[in-house]
Amino acid sequence: MSELTVTVLRLGLLVLLWVFVMSVASVLRTDLFGTRVVTRRPAPAKKPARSAGRPVAEPNTPRPQRNPRIPTQIVLTTGPLTGTSLPLRDSGVLIGRNPECTLVLDDEFASGRHARILRAEDGWYVEDLGSTNGTFVGQYRVGDPVPVETGTAIRIGRTVIELRS
Amino acid sequence: MRRAITTITPARGRNVELLLTALAIGVVILAYINVSVAESGTVPADLLGHTGILAAIALAVHLVLRWRASYADPIILPIVTLLNGIGLVMIHRLDLAAGRDFSSGLALRQLVWTGLGVGIALAVLIALRDHRVLRRYTYTAGLAALVFIALPLTPLGHSVYGAKIWIKLGAFTFQPAEIAKILLAVFFAGYLVQTRDMLALAGHKVLGITFPRARDMGPLVIAWLAAAFVLVLENDFGTTLLIFGLFVAMLYVATERISWVVLGLGLAAGGALVVYQFASHVQTRVLCWTDTFSEEGMQQCGQLATGIMGMAAGGISGTGLGRGRPWLTPLPESDFIFTSLAEELGLIGIFAIIMLYALLVERGLRSAIGLRDGFGKLLATGLTFVLAIQVFVVIGGVTRVIPLTGLTLPFIAYGGSSLLTNWTLVAILLRISDHARRPEPEFDPASMDAPTQMVKAR
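In order, the protein sequences belong to chains Y and Z. Take the first sequence: its position 145, counting from 1, is numbered 132 in the working numbering, and each next residue is one higher. Take any residue in the second sequence, note its place counting from 1, add 102, and you have its number in the working numbering.
Chain Y on its own, in the form it takes in the complex:
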């Protein structure tokens, strides 16, 4: 075969090698995982959506009708994680220091599995899971499940969790 063919093959191999490296790198770029922190209020409308991630819900999109007394999220108002919010899912929220909890607290006064917020037929309840320092709703120390609604503040150690809708 001609010298030209050999040269084309030789350079083609180098190009293809780098094409491979680049495509691996581009897969890496879209392969983020872990947790994502989204700024909720001042999100600019023309922020580009990530190509690989699921589309982030636009803050302005109208949501289905909701009852303001039924909480849909919990917000940490005092303590090391102030400002964090978490959606309330029907499967409930397990709170504690243990990494397997839904809400992992960075609080020395919290137990490993401290409390959980759970869904019953008539609304949301908070239940203490035998924690050392207790879970408080107002001045009342929670034992058996206690009903909670929007605006209720739950205190765990140095953390205060508020239910919002």
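It is possible that some hints are incorrect.
[What the hints assert, rightly or not] Stretch-level coverage of chain Z by chain Y, calculated; a stretch enters the list once three of its residues show a Cβ under 8 angstroms from a Cβ in chain Y:
hint, stretch
1, 126 to 137
2, 174 to 185
3, 419 to 427
4, 450 to 457
It should be emphasised that the hints constitute simulated quantities derived from the structure, not laboratory data. Ideal Cβ positions, reconstructed from N, Cα and C, are used throughout, including at glycine.
Fit chain Z to the supplied structure of chain Y, relying on the hints for placement.
Just chain Z now, kept in the frame of chain Y:
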């Protein structure tokens, strides 16, 4: 500012993996065509047969991953396939240069070893459903590693080029120290995850550095010293360096103390100085490193000089596969395969290969970050460092960054033991990355209502 934290579930990426693996096979096919066009001027008739075997092997791994580890990292398999394939093509090319055809050449044997290695890797992937099981065998692994390292000193041992690192079983030779790498990573991970707090916090302070108590540090030091001692008896300094690097890296990752790195490098320097005084073997290696082109250096280890000359002949874009003269260097398919590749692929090609290794290492460390259990984190880090240190020691050795020691370039270099071990290592890494990327199961409130059971009473 109000923030919300949501979990991103990663895509499984199995289709991406299939696509990238196909691309990797494409690169290997093009490289194979390159070789035979340069050699005989024709596209080989057995092209699809030969590359098909590699493709089938890669496809088998891919299918098992879909079946048993569907969240495993999608990038590891394509990279490893490409590295293995490039190595095969290079070995085949050197076979042709030495007058061996495919059926009698080293490439076929390497391909058989690849098949065996993948077989073991698949067995590991299928049998090992959870890497945390390995933690039960912490001390067993440590002991087994020492036994494997010491095996060549027994009558089974077999010596090649002055290094007693082989065992011979019939017609079959094997380097047992290769397996010890994985076993030692398991041992270090299992031991460190249990004692790292003690190592980091308890101890005596001397000169601003906190030294741990002997009872915490003892087993590690004993294991490492025993391994190093035996390896020095066997003249296997490459593996000594590898195990020491692994030891320091894992200690640093476990305790987050930079003083370990300083201490480790100091100890290594001291040890190297002592060995230098006593072992003539090491003195030669150092002479070759510092004075490669002197008369004595050329006499003792001319292959280092010819390797460097080969790389220089390749230049930026290389001579092209099949058009250089890499066989002028002794051992062009094993210890010096890096210079062979650098001569024929040039700086551009060899940097692509180094990038592939870097990406592989990055994926390993990323899996370690994604994991939630300490043992898995340390194990993933350890296995990744085993790969990284091998690459550094080999490439550093042939490019005169460090003295030349005998390790193999993972997946590329000719050598059965190394291929088997590295495929097994990758299987464990894939299993770990599957755990790291798999989304957690939703918290099930019903499980909390079940009565607590005493599982094990001490």
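Results for each hint:
Counting residues of the stretch 126 to 137 of chain Z whose CB lies closer than 8 angstroms to any CB of chain Y gives 7, which reaches the minimum of 3, so the coverage claim holds. With a threshold of 8 angstroms between beta carbons, the proposed coverage of the stretch 174 to 185 of chain Z by chain Y holds, since 5 of its residues qualify and at least three are required. Beta-carbon proximity to chain Y at under 8 angstroms applies to 5 residues in the stretch 419 to 427 of chain Z; the threshold of 3 is reached and the given coverage holds. For a cut-off of 8 angstroms, the count of residues in the stretch 450 to 457 of chain Z with a CB near a CB of chain Y stands at 5, and the three-residue condition holds.
Of the numbered hints listed earlier, not one is contradicted by the structure.
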